[in-house]
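Novice: So in UniProt numbering, spot 310 of the sequence shown is number 310, and the numbers just go up one at a time.
Fair warning: there could be bad hints in the mix.
As the list claims (entries may be wrong) - In the DSS-like style, the derived pairs of lysine-lysine whose C-alpha atoms are separated by at most 27 Å in a straight line are: (1) Lys63 / Lys291; (2) Lys157 / Lys291; (3) Lys157 / Lys214; (4) Lys63 / Lys127.
What the hints assert, rightly or not - Restraint-style ranges between C-beta atoms, simulated for each label pair: (5) Asp32 / Pro212: 47 to 53 Å; (6) Ala88 / Lys20: 22 to 28 Å; (7) Thr167 / Asn139: 18 to 24 Å; (8) Pro24 / Lys291: 22 to 28 Å; (9) Ala15 / Asp51: 30 to 36 Å; (10) Ala9 / Thr44: 19 to 25 Å; (11) Lys55 / Pro225: 38 to 44 Å; (12) Thr44 / Lys214: 45 to 51 Å; (13) Pro108 / Pro84: 18 to 24 Å.
Don't read these hints as lab results, they were simulated from the structure.
Glycine included, each C-beta is placed from N, C-alpha and C at the ideal position.
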Amino acid sequence: MAEKNARVARFLDAAQEPKKELTPIEGYEKTDLMTLEQSMQSMTKKLHNLDTMIKIALRNSRKPVNGLTSDESAAIHLYTMQWPETHASVYTSLNEALRCQNRRNLTPWFPYLKLFFTALYKLPSLKGTIWRGVRGNLNDAIDEDLIWWGVSSCTEKVKIMEDFLGTDGERTLFNIECTNGKSIRAQSHFEAEEEVLLLPGTYLKVVSRWSPSKDLHIIHLREEPAPYQTIAPPFEATSSPVDLPSLKPLTISKEPPKVSTAAAASVKPSMPKPAAPASSKPKFRNPRLEKIIAEQENKEELNITSMQLTEADMEIVVYYVIGQIKVMPLIEIYSSSSIVVSR
1 MAEKNARVAR
11 FLDAAQEPKK
21 ELTPIEGYEK
31 TDLMTLEQSM
41 QSMTKKLHNL
51 DTMIKIALRN
61 SRKPVNGLTS
71 DESAAIHLYT
81 MQWPETHASV
91 YTSLNEALRC
101 QNRRNLTPWF
111 PYLKLFFTAL
121 YKLPSLKGTI
131 WRGVRGNLND
141 AIDEDLIWWG
151 VSSCTEKVKI
161 MEDFLGTDGE
171 RTLFNIECTN
181 GKSIRAQSHF
191 EAEEEVLLLP
201 GTYLKVVSRW
211 SPSKDLHIIH
221 LREEPAPYQT
231 IAPPFEATSS
241 PVDLPSLKPL
251 TISKEPPKVS
261 TAAAASVKPS
271 MPKPAAPASS
281 KPKFRNPRLE
291 KIIAEQENKE
301 ELNITSMQLT
311 EADMEIVVYY
321 VIGQIKVMPL
331 IEIYSSSSIV
341 VSR
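Please build the complete structure, drawing on both the sequences and the hints.
Specialist: Next up, the structure:
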């Protein structure tokens, strides 16, 4: 029972949010993207048995999904892992730093935040109802709106949250309409919790409050755009994730396929002229994508399976594939799944 209480603590820690607004979370985005081991080097002496926990997270992330790299998936996995009760877990230490008024306390976490937030930004956003709770009555502590500065752990199932909260004593249940939730069930160490994360700096407005019983208080919250930028994105402004839910494998070929004149004519007139290839190496790195490109360097076609590509990823494709063709290529799009590059 004690182990379970410790494990679900991050779902019930809303009372630890600061009462005053903090300065934005920024600076971490300028850090280079590292492996999980590299990103946690500064935490080795602060977190018990960290090397072992990292190895477990990586071994459990050898088949990543959602277009993440193994290190990105493992960064999320590590966040959900529970340390022995007498030792602080990653989520405990990280959220203490995120909620601290002194932003210098976040500096040692910058490499991990870069990897962790890059992974979360790559995941598709969840729009729907999620649940969070806290033991005690928070009605008087919450005004008409609020900002949660920690990483907020929620769940899609109200029954799971009711199990976490228990049925005795005063408790507050948050019914949250989210637009940018990140479902991490596939990356979590505890899949059954159906965990959804709200990123630090999430702004919420109170829609309603009611108390179905003397000890149970329910607060209905709605996620809305924050009044100011509360957190810097891990990508540059031009590198926000691209929503490609129906993207098929992407084919880039040096020779155009055989298509009928009528079929080609029906597409060509609507295609804009391509921009010039990038001449400088992209700042953003995606080792997994670059490895796929390198492995197919001498092939006539490059196949890239849907990876939840971002605009930054497409800059890598342009630089390494199109940008390395010495003569400005003719680019024709014959279908939603085929880009033809011919000299």
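Novice: All hints, please: hold or fail.
Specialist: Verification of the hints:
1. Restraint check: the Cα-Cα separation between lysine 63 and lysine 291 comes to about 16 Å, which is no more than 27 Å; the hinted pair holds.
2. A C-alpha spacing of about 39 Å is found between lysine 157 and lysine 291, which places the hinted pair above 27 Å, so the restraint is violated.
3. Between lysine 157 and lysine 214 the alpha-carbon distance is near 23 Å, which keeps this suggested pair within the 27 Å criterion.
4. For the proposed pair lysine 63 and lysine 127, the alpha carbon gap of about 26 Å is at most 27 Å, so the pair holds.
5. Between aspartate 32 and proline 212 the beta carbon distance is about 50 Å. The supplied range of 47 to 53 Å therefore holds.
6. Evaluation of the 22 to 28 Å hint for alanine 88 and lysine 20 yields a pass: the beta carbon distance comes to about 24 Å.
7. A hinted range of 18 to 24 Å holds for the C-beta pair threonine 167 and asparagine 139, which are about 19 Å apart.
8. A beta carbon spacing of about 34 Å between proline 24 and lysine 291 contradicts the range 22 to 28 Å that was offered as a hint.
9. Taken as a hint, the range 30 to 36 Å holds for the pair alanine 15 and aspartate 51, whose Cβ atoms sit roughly 33 Å apart.
10. Checked against the hint of 19 to 25 Å, the C-beta distance between alanine 9 and threonine 44 comes to roughly 23 Å, which is consistent with it.
11. At about 40 Å, the beta-carbon gap between lysine 55 and proline 225 stays in the expected band of 38 to 44 Å.
12. Between threonine 44 and lysine 214, the C-beta spacing of about 48 Å keeps the proposed range 45 to 51 Å intact.
13. Against the hinted window of 18 to 24 Å, the Cβ-Cβ separation of proline 108 and proline 84 comes to about 22 Å, which satisfies the hint.
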